[in-house]
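What follows is each chain in one-letter form.
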Amino acid sequence: MGLSSQHLMTMDDVTAEDVTLILDTAESFAEVNQRRIKKLPTLRGRTIVNLFFEPSTRTRMSFEIASKRLSADGVNFTASSSATVKGETLRDTAKTLAAMACDMVIVRHRYAGAPQMLAEVMDCPIVNGGDGVHQHPTQALLDLFTMRQSFGKLEGLRVGIVGDVCHSRVAGSLVPALNKMGATPVIIGPPTLMPVRPDVLGAEVAYDLDAVLPTLDVVYLLRVQFERAARMPFPSNREYAMLYGMDTARLGALPSHAVVMHPGPMNRGVEISADVADSSRSVVLDQVESGVAVRMAIMYLMLGGADSGAAA
Amino acid sequence: MSYREKAVVMDAESMDRALTRIAHEILEANKGLGDIAIVGIMTRGVDMANRLAERLERIEGIAVPVGNLDISFYRDDVAIRLSPEVHTTDIPYEVEGRTIVLVDDVLYTGRTIRAALDAVMDFGRPSAIQLAVLVDRGHRELPIRADFVGKNVPTARRERVKVQLIEHDGRDAVVILEDDGQGV
Numbered sequence: 000m001g002l003s004s005q006h007l008m009t010m011d012d013v014t015a016e017d018v019t020l021i022l023d024t025a026e027s028f029a030e031v032n033q034r035r036i037k038k039l040p041t042l043r044g045r046t047i048v049n050l051f052f053e054p055s056t057r058t059r060m061s062f063e064i065a066s067k068r069l070s071a072d073g074v075n076f077t078a079s080s081s082a083t084v085k086g087e088t089l090r091d092t093a094k095t096l097a098a099m100a101c102d103m104v105i106v107r108h109r110y111a112g113a114p115q116m117l118a119e120v121m122d123c124p125i126v127n128g129g130d131g132v133h134q135h136p137t138q139a140l141l142d143l144f145t146m147r148q149s150f151g152k153l154e155g156l157r158v159g160i161v162g163d164v165c166h167s168r169v170a171g172s173l174v175p176a177l178n179k180m181g182a183t184p185v186i187i188g189p190p191t192l193m194p195v196r197p198d199v200l201g202a203e204v205a206y207d208l209d210a211v212l213p214t215l216d217v218v219y220l221l222r223v224q225f226e227r228a229a230r231m232p233f234p235s236n237r238e239y240a241m242l243y244g245m246d247t248a249r250l251g252a253l254p255s256h257a258v259v260m261h262p263g264p265m266n267r268g269v270e271i272s273a274d275v276a277d278s279s280r281s282v283v284l285d286q287v288e289s290g291v292a293v294r295m296a297i298m299y300l301m302l303g304g305a306d307s308g309a310a311a
Numbered sequence: 000m001s002y003r004e005k006a007v008v009m010d011a012e013s014m015d016r017a018l019t020r021i022a023h024e025i026l027e028a029n030k031g032l033g034d035i036a037i038v039g040i041m042t043r044g045v046d047m048a049n050r051l052a053e054r055l056e057r058i059e060g061i062a063v064p065v066g067n068l069d070i071s072f073y074r075d076d077v078a079i080r081l082s083p084e085v086h087t088t089d090i091p092y093e094v095e096g097r098t099i100v101l102v103d104d105v106l107y108t109g110r111t112i113r114a115a116l117d118a119v120m121d122f123g124r125p126s127a128i129q130l131a132v133l134v135d136r137g138h139r140e141l142p143i144r145a146d147f148v149g150k151n152v153p154t155a156r157r158e159r160v161k162v163q164l165i166e167h168d169g170r171d172a173v174v175i176l177e178d179d180g181q182g183v
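Protein chains in written order, with numbering that gives the first Met the number 0: chain A, 0 to 311; chain B, 0 to 183.
It is worth saying that the hints were derived from the structure and are not from the lab.
The structure presented is a predicted model; accordingly, all values stated were derived computationally and were not measured.
Check each hint, because a few of them may be wrong.
[Claimed, not checked] Label-pair restraints from in silico Cβ distances: (1) A:D72 to B:E140: 50 to 56 Å; (2) A:R34 to B:D76: 21 to 27 Å; (3) B:D76 to A:H256: 41 to 47 Å.
No residue lacks a Cβ here, since even glycine has one placed at the ideal position from N, Cα and C.
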């Protein structure tokens, strides 16, 4: 029983049933990750390429650990030490990888649509590890896994996604992912960090964090992506922290069962205070832990079964 | 393909007697319960394992540790087909140094057992692994045999052997199913 799509490029590639299958399978991999011997023979002899054109530590490592735990051969391609600096196009890089017969490509690129372009020239499954300000579906899936672990369900949860929504590929995947599973996303942030048309994202829109806090089950803080902003989107970090930063006082305004999430890396003192980041209400490290299990599940489900093309 | 029931080879009573006999054989072969622990293979093997553990406890008066093993990630045909459902393995005891009795409902090609042996080894180094099955239907593809067998049932490859359990199927029985020729 596999997934309905060959690729995982956006959340549109998976149905609610697919998401449930991925999360259920990830539960079993989470058990494996608790063992002393954390290695399975499942994907022996398969080659998984990490094609990263943007800097990344946790996502790349998470995919790398996932492929190693499944006994696949993981190959890392980093743009700074590759033919890219010599001027090779993405299309040529993809054709080169296809000629080397790899079985799966994980791609991160600063341009939206890079995974779709790879899929045009390669036959193997493509997994989007983050494309520009578009989508980051494996992050959304590991977030759903973490929420399901915290609450035992996804349906009916109210999730506030706070901050730099317009530069966030995490929000780009998380909003449709939550809608798919019957949860309610609420995007909250200053108008300068909201998309031009926030209404088309499919989430409730709010600008006053304090008014929304008491209604939330999850506060999901987005990293302010200073590197993507054309100019400073607010007068000062201090003003941002005062209006939209999660601190101990705001933690008190949340329902007692609510949890705090962040995709990392955190700007401590900007979108999240150090106290909150290290508090028992923060499940940030559970998110990181879930990441490996969820990515193992995605690799297993996409590379297993005859339809993956591997059996031919 | 659809199947029709060809024969009932074990009924509730003979299943019950076979499991009780296997429990006694395990105790005889190992000279008591000693350091024995049971691992049932998902999903029907787990039900068998629990029934076997009940009997061992009744005979010896000591509880036997039981674990559940899912072998989906250890199968040799992952590239061809995925398990319809993956369950979570739960072996709540130290495997190292113990005598592990693997339990499954039907022994056929031996490939499931090969996978289970690898899976158990990933939890530690048992001092021995033994195999108990309710039915051995033959047609081995690997050099594997069971230490304790409920019943040997000669079958044809095109037939299927199904162990029915009261908790899932409403009755305890082992039946042989054959292709009814009706196609899909």
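Verification of the hints:
no.	hint	verdict
1	A:D72 to B:E140: 50 to 56 Å	violated, 28 Å
2	A:R34 to B:D76: 21 to 27 Å	holds, 23 Å
3	B:D76 to A:H256: 41 to 47 Å	holds, 44 Å
Violation of the numbered hints given earlier is confined to hint 1; every other hint is satisfied by the structure.
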